[in-house]
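Got chain A; can you put chain B on it based on the hints?
Spelled out from the first residue to the last, the chains are:
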Amino acid sequence: KQEVTQIPAALSVPEGENLVLNCSFTDSAIYNLQWFRQDPGKGLTSLLLIQSSQREQTSGRLNASLDKSSGRSTLYIAASQPGDSATYLCAVYFIVRQAGTALIFGKGTTLSVSS
Amino acid sequence: NAGVTQTPKFRILKIGQSMTLQCTQDMNHNYMYWYRQDPGMGLKLIYYSVGAGITDKGEVPNGYNVSRSTTEDFPLRLELAAPSQTSVYFCASSYFPVAESTDTQYFGPGTRLTVL
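Sequences listed follow chains A and B, in order.
Following our numbering, the numbering of the first sequence begins with 1443 at its first residue and continues without gaps.
Following our numbering, the numbering of the second sequence begins with 2 at its first residue and continues without gaps.
Quick caveat, the hints were computed from the structure, so don't treat them as lab data.
Where hints are given, some of them may not hold.
To be verified - Listed next, the in silico PhoX-like pairs over lysine-lysine satisfying Cα-Cα at most 25 Å (straight line):
| # | chain 1 | residue 1 | chain 2 | residue 2 |
| --- | --- | --- | --- | --- |
| 1 | A | K1510 | A | K1549 |
| 2 | A | K1549 | A | K1484 |
| 3 | B | K45 | A | K1549 |
| 4 | B | K10 | B | K58 |
| 5 | A | K1484 | B | K45 |
| 6 | B | K15 | A | K1443 |
| 7 | A | K1510 | B | K45 |
| 8 | A | K1443 | A | K1549 |
| 9 | A | K1484 | B | K10 |
| 10 | B | K15 | A | K1549 |
| 11 | B | K15 | B | K45 |
| 12 | A | K1443 | B | K45 |
| 13 | B | K58 | B | K45 |
| 14 | A | K1549 | B | K58 |
The following block holds chain A by itself, in its conformation from the complex (with noise of 0.2 Å):
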């Protein structure tokens, strides 16, 4: 069964530092995945989706990296910013019955930017 595992769980930084997430799967055979960001209280906003043929990702400040073979995926975000404060979640798409495909959630990194 695939879980997903995000570390740290939480993790607060001064102002303009640079970081990185990790998202760890326990089944290479993924497809797609996708990291989200999620403000307190909202819905999730896309941020950056790597296809499984892929190995990274950049929008702006952000570089999201995959290696299916080893499991695993980080975020990095450069010159972080108090905005940038939410939780950032990370997840991997899988085939479900009838040729559909879902997600499979880890539990999230809660992040706090200090200025």
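Frame of chain A, contents of chain B only:
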């Protein structure tokens, strides 16, 4: 294009009551999903549908029922509410069936349900 919409935003139920969480998407997606998120946890799949008239169980289906009579709507029914169903419920949809693509799931804003 409203995307995925969910109603209500908030609801308080008493134990044993029933309710239906509504989900509608206007992107003509065949695939729709219901997830629940408990405090401090990731989302878990409750039910999904690959098209009108076709539904299947996810990881945590007990206590819920779904139906899919149209492409746009995917309601989630709670028959006998229990405190363990206190959670935030997210509906999502996607177009492509195969995960090896640039397909992403689009999420609604969520329904926050409390059962007392």
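Each hint, compared with the structure:
1. Of the pairs offered as hints, the one joining K1510/A and K1549/A holds, with about 20 Å between alpha carbons and a cut-off of 25 Å not exceeded.
2. Annotation: proposed proximity of K1549/A to K1484/A holds, straight-line Cα distance about 16 Å (limit 25 Å).
3. Only pairs whose Cα atoms come within 25 Å are accepted, and K45/B paired with K1549/A is accepted, the gap being roughly 10 Å.
4. At roughly 24 Å between alpha-carbon atoms, K10/B and K58/B fall within 25 Å of each other, so this suggested pair holds.
5. Straight-line distance between C-alpha atoms of K1484/A and K45/B comes to about 17 Å, which keeps the hinted pair within the 25 Å bound.
6. Restraint check for K15/B and K1443/A: the C-alpha separation of about 35 Å exceeds 25 Å, so the hint is violated.
7. Taking the CA atoms of K1510/A and K45/B, the gap is about 22 Å. The hint holds against a cut of 25 Å.
8. For a cut-off of 25 Å, the pair hint linking K1443/A to K1549/A stands: about 16 Å separates their Cα positions.
9. As the CA atoms of K1484/A and K10/B are separated by approximately 11 Å, the hinted pair is consistent with the 25 Å bound.
10. Proximity of K15/B to K1549/A is assessed by CA-CA distance (about 28 Å); at most 25 Å being required, the pair is judged violated.
11. A distance of roughly 23 Å separates the Cα atoms of K15/B and K45/B; the hinted pair therefore holds under the 25 Å criterion.
12. A hinted pair counts as satisfied when its Cα atoms are at most 25 Å apart, and K1443/A with K45/B qualifies at roughly 13 Å.
13. With a C-alpha separation of about 12 Å, the suggested pairing of K58/B with K45/B holds against the 25 Å cut-off.
14. Taking the CA atoms of K1549/A and K58/B, the gap is about 21 Å. The hint holds against a cut of 25 Å.
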